[in-house]
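Take a look at the letters that make up each chain.
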Amino acid sequence: MAKTPKPDELSKIDYTPPQTAWTETPTVYKEGVWCFGAKPKNLETLHFPNPREWRVVDEDWKLPENWQEIVLNGMKERLDKYRSFRVFMDSCVRCGACADKCHFFIGSGDPKNMPVLRAELLRSVYRGNFTLAGKILGKINGARPLTLEVLKEWWYYFFQCTECRRCSVFCPYGIDTAEITMMGRELLNLLGLNIDWIAGPAANCYMKGNHLGLEPHTIVGNLEYMLDDIETVTGIKITPSFNRKGAEILFVTPSGDLFADPGTYTCMGYLMLLHELGLDYTWSTYASEGGNFGFFTSNELAKRLNSKIYAEAKRLGVKWILGGECGHMWRVLNQYMDTWNGPADFLEVPKSPITGTVFENAKSTKMVHIAEFTADLIKHGKLKLDKKRNDNLKVTFHDSCNTSRGMGLFEEPRYIIDNVCNNFYEMDELTTREKTFCCGSGSGLNAGENMELRMRGGLPRANAVKDVAEKYGVNMLANVCAIDRAVLTASMDYWVPSVKVTGVHELVANALIMKGEKERTTNLRGEPLPGMEGQE
Amino acid sequence: MGGNIPPCEQGHEMKLYSFLSEKKTAVMNRWYDAILNTYPSDTSKFLKGQKNPFMNPVGSTTFHAIESLYEYLVHGEGKDEVPLFLDNIIRIRAVQDFTPAQCVRFILSLKETVREELKDEISVHGLQYELLEFESRIDELSLLAFDIYMKCREKLYQLKATELQRWTYRRLQKADEIYKEECVYKDIHNEVIEFGRKEVDK
Numbered sequence: 019m020a021k022t023p024k025p026d027e028l029s030k031i032d033y034t035p036p037q038t039a040w041t042e043t044p045t046v047y048k049e050g051v052w053c054f055g056a057k058p059k060n061l062e063t064l065h066f067p068n069p070r071e072w073r074v075v076d077e078d079w080k081l082p083e084n085w086q087e088i089v090l091n092g093m094k095e096r097l098d099k100y101r102s103f104r105v106f107m108d109s110c111v112r113c114g115a116c117a118d119k120c121h122f123f124i125g126s127g128d129p130k131n132m133p134v135l136r137a138e139l140l141r142s143v144y145r146g147n148f149t150l151a152g153k154i155l156g157k158i159n160g161a162r163p164l165t166l167e168v169l170k171e172w173w174y175y176f177f178q179c180t181e182c183r184r185c186s187v188f189c190p191y192g193i194d195t196a197e198i199t200m201m202g203r204e205l206l207n208l209l210g211l212n213i214d215w216i217a218g219p220a221a222n223c224y225m226k227g228n229h230l231g232l233e234p235h236t237i238v239g240n241l242e243y244m245l246d247d248i249e250t251v252t253g254i255k256i257t258p259s260f261n262r263k264g265a266e267i268l269f270v271t272p273s274g275d276l277f278a279d280p281g282t283y284t285c286m287g288y289l290m291l292l293h294e295l296g297l298d299y300t301w302s303t304y305a306s307e308g309g310n311f312g313f314f315t316s317n318e319l320a321k322r323l324n325s326k327i328y329a330e331a332k333r334l335g336v337k338w339i340l341g342g343e344c345g346h347m348w349r350v351l352n353q354y355m356d357t358w359n360g361p362a363d364f365l366e367v368p369k370s371p372i373t374g375t376v377f378e379n380a381k382s383t384k385m386v387h388i389a390e391f392t393a394d395l396i397k398h399g400k401l402k403l404d405k406k407r408n409d410n411l412k413v414t415f416h417d418s419c420n421t422s423r424g425m426g427l428f429e430e431p432r433y434i435i436d437n438v439c440n441n442f443y444e445m446d447e448l449t450t451r452e453k454t455f456c457c458g459s460g461s462g463l464n465a466g467e468n469m470e471l472r473m474r475g476g477l478p479r480a481n482a483v484k485d486v487a488e489k490y491g492v493n494m495l496a497n498v499c500a501i502d503r504a505v506l507t508a509s510m511d512y513w514v515p516s517v518k519v520t521g522v523h524e525l526v527a528n529a530l531i532m533k534g535e536k537e538r539t540t541n542l543r544g545e546p547l548p549g550m551e552g553q554e
Numbered sequence: 020m021g022g023n024i025p026p027c028e029q030g031h032e033m034k035l036y037s038f039l040s041e042k043k044t045a046v047m048n049r050w051y052d053a054i055l056n057t058y059p060s061d062t063s064k065f066l067k068g069q070k071n072p073f074m075n076p077v078g079s080t081t082f083h084a085i086e087s088l089y090e091y092l093v094h095g096e097g098k099d100e101v102p103l104f105l106d107n108i109i110r111i112r113a114v115q116d117f118t119p120a121q122c123v124r125f126i127l128s129l130k131e132t133v134r135e136e137l138k139d140e141i142s143v144h145g146l147q148y149e150l151l152e153f154e155s156r157i158d159e160l161s162l163l164a165f166d167i168y169m170k171c172r173e174k175l176y177q178l179k180a181t182e183l184q185r186w187t188y189r190r191l192q193k194a195d196e197i198y199k200e201e202c203v204y205k206d207i208h209n210e211v212i213e214f215g216r217k218e219v220d221k
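Chains as they are written, first to last, in the numbering used here: chain R, 19 to 554; chain V, 20 to 221.
The set of hints was computed from the structure by calculation and includes no laboratory data. This structure is a prediction, so every number in the text was calculated from the model and none was measured. We treat Cβ as the ideally placed atom computed from N, Cα and C, and that holds for glycine. Among the hints, a few may not be true.
Claimed, not checked - Capping the alpha-carbon separation at 30 angstroms, the derived lysine-lysine pairs in DSS-like fashion look like this: (1) V:43 / R:157; (2) V:67 / V:43; (3) R:518 / V:170.
What the hints assert, rightly or not - Negatives, chain R to chain V, calculated, CB over 10 angstroms: (4) 46; (5) 79; (6) 83; (7) 84; (8) 157; (9) 208; (10) 234; (11) 254; (12) 300; (13) 507; (14) 535; (15) 543; (16) 545.
Bound conformation, chain V alone:
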């Protein structure tokens, strides 16, 4: 997290954070909608409407994760768990119909959300500098998100390789045994000088 301590923890009076705190529900809803709108419209309706986490793991995981990320960004809470929350969302998006950029873009969409939702407050109270600082924190998250995305994709390739190994292990074991049984040592005149051992280490 690059030592980026939120101002609320530093003891500074920063107005933007109190607005972010006050308008949490509105910002969260808008951010959530923006993420769900990355899916086809029939799907986003389902993701918004179905509240049961077992029937709708994508929607419920996404909502809980961004809620926790928001808590971290605004109040500095749950710092250690930030990679886990990001992982929960990205692990899903990494296997869906998204390009790498589309997969992690949901974090950056919080910037647009905050600019829109707190437009008046930012302009009336002159909070542009504070907004820049807040947005830098979002940028940090998006870099971390990219690391996590890569880990998920590497895991997919690893799964393919591991599965292949699991399927070929017994065949290789058998091939190894045949090879050892038939191992015959010959000299330069092609005379047999020693047979390979018949017993095989298992």
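Just chain R, with the same shape it has in the complex:
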């Protein structure tokens, strides 16, 4: 039965003219939203097509003459290769369940950021070129030709999706819009249309093993700075090994941890914990990146950049691999590494030498997340912890998209935080675990020039943090992801300035009572420990 309008509704006449259909609504390219285009030298390094100088604001993007043919052939190839791609192109019924689940739509209010509409950007071209109904009925069937405007629109919106997969949690058909974005980006890359914030780190990684392009001596040098700081705080001189053959465990972490605060404090946490355990492990200056910006470019590049991890494990002759706190790194390692570059039959099923726990969940990949490893240590009472050292903190935990939706890592980080902090508060359940909101800057969108976009995307997460900050006085946002540590710092600074950002292992290291340590007066940031004010 139709809803009977109320008298005041009847008296209101909407003079707004009908809005244009989304296909007819021109896209406005706004500075602050898009990222700079990929530089030719980076595409050349990666052997990607069409390296050339180009600027987003220019009319001419210097595409090859037969660009439409390249894209449509690329689309056909992928439709044949990936069954999921074809299913996702065919099966959406436009129910709208995903529409309001995207952090970019919620924060920007731009309807083309609704996951359904972002997918339609590609689907409309699919219909027009690969389905009979679309070929015959055209526009009536929601089909449209692949024009230059359409291509530019793809570029604008596929780099406004962080591949976080929150929308897929709510899709009744299980359509994974992240995979649609991945396909969109692969097609764009066939024309040299990447962003430089992804192409640059990927090129660095291909040549030097890590996104930042740190050479072996720089990696060692950066860690030495941290070791000096650890000695200042604890009085303990740690001497980790590098590229040591015959070590039991290879440790791999995102290079962001080696470089910028607050990731460096998390890295100090790893160094202190692994030293305290007396673990037989080594760092590698070659497999010096757990993250993978190839994953935001194409399946082929992701595989290429990932290959060094097993190769280095084999070269060094380790038994298994331990990995640091990262987000997308773990989606890659957990879901793709094994089939891309495995089987890792030269490695053993990971077994903690401290507790004897066998990590059955990593039976195939042979790689364990440090949160799993540390939670197991705590569970077996292997760590001496003084929670009071973190009493100045009221902590909440942000589930990273990839560790939560990509590998179901929910309990371990919480268990650790509970054991190293006295004050831990959860955010609203609609914004945590598998329903977690993205930081707003994942999948290679953590550039500087798109700061407005990042703040839009970060709003839903920040809004939930603000709630616990107001209710409980939360002042620290913990997470297990290097990109989170970098970008949530900016997001909090804009939306909730009273809240700082930390990795979980920074909290562990502050609480960790180490053998032979001096009386600690400060935390790893050099701030006085609770009760030690004035003595640092």
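Add chain V to chain R, keeping to what the hints say.
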């Protein structure tokens, strides 16, 4: 707020304010609709419909903030928090697809809303002068809004600069060390007279 004390606090009998108080819900709804209509129609439907503040931070923040601003304008309540309420809305709009004018215009749209919603009352009771006074108070808010908008935009640029500093700090630290280690003092005949110190202050 320019010492602009609402008449209700001054003890004056002003009819407009009692009408504004009586018809609060109608005025608020109309004002809220006017603000949401600055978004594309698909978006404004969502912003109006979704009531959960975690699923709809833009809609819920906007509604709560304008409700508090209305309380201040009509009853003079919460004066100290007015910049905060304005900040809550403007901080969001400052990063969305709005020009600076579109970003802060939502305050001025209250004028049109009140004129429309209280059209009969204003004309029957001859409240035009009181309306002018009320609208001046809205103008004050819009000026404050512009200050806040600028602060938000400056913050965005500051974030970019701070992030760059954070990323380059270790590199600069390293460069500084290399420079100090290699520092060699020479005289005018290019003879080495002193080496720079090897130890570096950290």
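Each hint tested on the structure:
1. V:43 / R:157: Answer violated: residue 43 of chain V to residue 157 of chain R is near 47 angstroms, above 30 angstroms.
2. V:67 / V:43: Distance ~18 angstroms between residue 67 of chain V and residue 43 of chain V Cα, so the pair holds.
3. R:518 / V:170: Roughly 20 angstroms separates the two Cα atoms, so the pair holds.
4. 46: Not fine: 7 angstroms to the nearest Cβ puts residue 46 of chain R too close to chain V.
5. 79: Consistent with the label, residue 79 of chain R stays out of reach of chain V, its closest Cβ about 22 angstroms off (over 10 angstroms).
6. 83: 34 angstroms, holds
7. 84: 34 angstroms, holds
8. 157: Residue 157 of chain R clear of chain V: closest Cβ-Cβ about 19 angstroms, beyond 10 angstroms.
9. 208: 30 angstroms, holds
10. 234: The claim holds: residue 234 of chain R sits with its nearest Cβ about 14 angstroms from chain V, beyond 10 angstroms.
11. 254: 17 angstroms, holds
12. 300: 22 angstroms, holds
13. 507: Nearest chain V Cβ is 8 angstroms from residue 507 of chain R, so the label is violated.
14. 535: The assertion about residue 535 of chain R holds, with a minimum of 20 angstroms to chain V.
15. 543: 13 angstroms, holds
16. 545: 17 angstroms, holds
In terms of the numbered hints stated before, the structure departs from hints 1, 4 and 13, listed from lowest to highest.
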